[in-house]
Amino acid sequence: MYQAYKTPIDNTTFKVEWEKLTDQKWVKLPESTSCLFNTKNKHTSPKGKLSEYSEIVYDKPFKNITVSTEEEQYQYTKAQQGFFRIRLTDPNGGFGQTEYRILFADIMIRNSHTRKQTPVPKPPYNPMIESIDIGYSAEEEYFFNGDTPRDRCRIYHIHPLRQKELHEIDLRHPFPMVGVPTEDGIILFGIGNSIGNDQIRLFFEMAALKREIEKEYLPCVQWSFFNGKQWEFIKPGNLLSDTTGNLLNTGLVDILLPSPISEEMLDINGDFWLSAKVSCHTQNCSSIRNVYLNPVKARLEIPEEMEALISEELESFTGLVSFEKSMPGLTDIYQIIPAKGGRLPETPEDMRLQITQEMSHRNRAVLPRDYEQITLAQFPEVEKVLCLPGIDSKAQNRSPIVTLVVMQKEKDKKILPLCEHRLLMRIEDYIGDKTSPFITVDAITPVYEEVTVCCNLRIKPGYPVGDILRQTEARINNCIAP
Numbered sequence: 001m002y003q004a005y006k007t008p009i010d011n012t013t014f015k016v017e018w019e020k021l022t023d024q025k026w027v028k029l030p031e032s033t034s035c036l037f038n039t040k041n042k043h044t045s046p047k048g049k050l051s052e053y054s055e056i057v058y059d060k061p062f063k064n065i066t067v068s069t070e071e072e073q074y075q076y077t078k079a080q081q082g083f084f085r086i087r088l089t090d091p092n093g094g095f096g097q098t099e100y101r102i103l104f105a106d107i108m109i110r111n112s113h114t115r116k117q118t119p120v121p122k123p124p125y126n127p128m129i130e131s132i133d134i135g136y137s138a139e140e141e142y143f144f145n146g147d148t149p150r151d152r153c154r155i156y157h158i159h160p161l162r163q164k165e166l167h168e169i170d171l172r173h174p175f176p177m178v179g180v181p182t183e184d185g186i187i188l189f190g191i192g193n194s195i196g197n198d199q200i201r202l203f204f205e206m207a208a209l210k211r212e213i214e215k216e217y218l219p220c221v222q223w224s225f226f227n228g229k230q231w232e233f234i235k236p237g238n239l240l241s242d243t244t245g246n247l248l249n250t251g252l253v254d255i256l257l258p259s260p261i262s263e264e265m266l267d268i269n270g271d272f273w274l275s276a277k278v279s280c281h282t283q284n285c286s287s288i289r290n291v292y293l294n295p296v297k298a299r300l301e302i303p304e305e306m307e308a309l310i311s312e313e314l315e316s317f318t319g320l321v322s323f324e325k326s327m328p329g330l331t332d333i334y335q336i337i338p339a340k341g342g343r344l345p346e347t348p349e350d351m352r353l354q355i356t357q358e359m360s361h362r363n364r365a366v367l368p369r370d371y372e373q374i375t376l377a378q379f380p381e382v383e384k385v386l387c388l389p390g391i392d393s394k395a396q397n398r399s400p401i402v403t404l405v406v407m408q409k410e411k412d413k414k415i416l417p418l419c420e421h422r423l424l425m426r427i428e429d430y431i432g433d434k435t436s437p438f439i440t441v442d443a444i445t446p447v448y449e450e451v452t453v454c455c456n457l458r459i460k461p462g463y464p465v466g467d468i469l470r471q472t473e474a475r476i477n478n479c480i481a482p
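Anchor point for the sequence shown: position 254 equals 254 in our numbering, and the numbering is continuous, going up by one each time.
Keep in mind the hints are simulated off the structure, nothing from the lab. Possibly wrong hints are sitting among the right ones.
[Unchecked claim] Using 30 Å as the maximum straight-line C-alpha spacing, the simulated DSS-like pairs for lysine-lysine come out as follows: (1) 229 - 210; (2) 20 - 42; (3) 40 - 60; (4) 28 - 40; (5) 49 - 78; (6) 122 - 210; (7) 40 - 215; (8) 394 - 210.
Required output: the full structure, derived from the provided sequences and hints.
Dropping the structure here:
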């Protein structure tokens with residue numbers, strides 16, 4: 001570009017220097033001259049392609065300036081100090097505009113008097129600043145013995161989940177150097193390669209919460225996202241789905257962001273951040289086993305001709321291993337958890353039994369038998385249910401009340417069959433619609449008590465003692481509730 005110019009110019013020709021305003025005069029800072037442009041690795045080579053970003057650093061210490069709280073002191077026309085500027089010092093002709101005009105006029109005059117035309121030089125480079133980021137580092141000595149004035153230095157705790165307001169630390173009392181959030185339940189999610197997305201889907205695999213939690217003691221979860229400057233709460237309308245029940249059960253969380261993710265929302269590593277804060281009853285949250293991004297819910301449809309071939313519960317199905325059609329952009333698909341919600345085909349005997357029961361209770365729970373039959377018919381994962389009308393197991397004097405003791409199916413017979421909290425809530429909501437609105441339905445999990453049975457056996461001579469003892473023990477165990 002500058003080959004036809006008389007002044008030799010390369011990437012290192014353009015120099016700038018730092019100046020500081022002192023007593024309304026601009027004073028050059030010592031050893032502050034540096035190159036205006038960078039090539040690679042924040043260095044400047046005479047030849048090579050220029051970088052889109054330039055870093056101008058002044059790393060020499062200088063005395064601090066007097067800080068004033070009056071806004072007028074920082075107006076440029078009235079300020080006496082506190083301003084800095086970067087001034088282009090080399091070359092003298094700047095970016096070559098003056099030399100270009102002289103050179104252009106000489107060549108045009110010369111070309112008007114001869115047939116051999118001299119090429120017109122290219123216009124000089126006129127850089128335009130798109131944005132400026134300024135940072136600095138400062139040091140301050142603070143003596144905690146009271147010798148430092150309070151208006152000179154104040155200390156704050158800054159942590160990832162801070163909001164707009166910062167709380168000053170009271171230096172009159174001992175304080176921790178590293179501030180920690182007061183809330184117990186805080187989860188941070190860093191998501192990469194997220195620019196342009198406005199919807200975040202997370203699947204939580206939670207540990208089974210096999211205990212009952214009253215509705216007033218359910219945890220409260222507040223979702224937030226980092227917009228580049230501060231944490232912003234996600235409005236309830238933007239939480240499209242939450243099947244985890246506020247981080248109680250395995251399920252899906254679907255969040256719609258107010259705007260697509262941009263570069264301004266990312267941290268220095270290029271990650272976008274979400275947070276989930278449990279504000280109350282943190283002790284009732286379940287433990288998180290795994291978190292998956294971008295899950296998809298699949299539904300298994302079984303043709304009628306294949307229903308007879310299914311001889312086991314569909315909940316153990318884990319055969320989702322391939323695509324029906326190839327999809328560009330996807331490399332692999334795998335099933336996170338076993339399938340849920342399936343049941344075996346209804347046999348003619350089951351159909352006749354269900355019709356008989358529905359004709360008896362007409363899908364309304366009145367008698368204790370009705371509560372039990374409706375629960376078993378609607379929830380295939382329930383093995384046994386016992387209705388206790390008028391009994392409040394929690395001694396809260398609730399009346400009228402119906403208590404349902406529910407025993408869940410367990411594949412491992414060595415485990416005591418306890419119901420998950422989600423199943424108990426589903427039963428209460430479903431049975432509540434099938435009974436009188438004045439009746440409180442309380443589904444509870446069984447309470448087990450270990451019983452030791454001691455027996456003295458007298459065995460006839462000639463019979464194997466060990467075999468008879470094992471058979472007797474097995475028969476007694478079969479007669480006792482698990």
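Practice problem: Run the structure past the numbered hints and jot down the numbers of the failing ones, going up. | Solution: 1, 5, 6, 7
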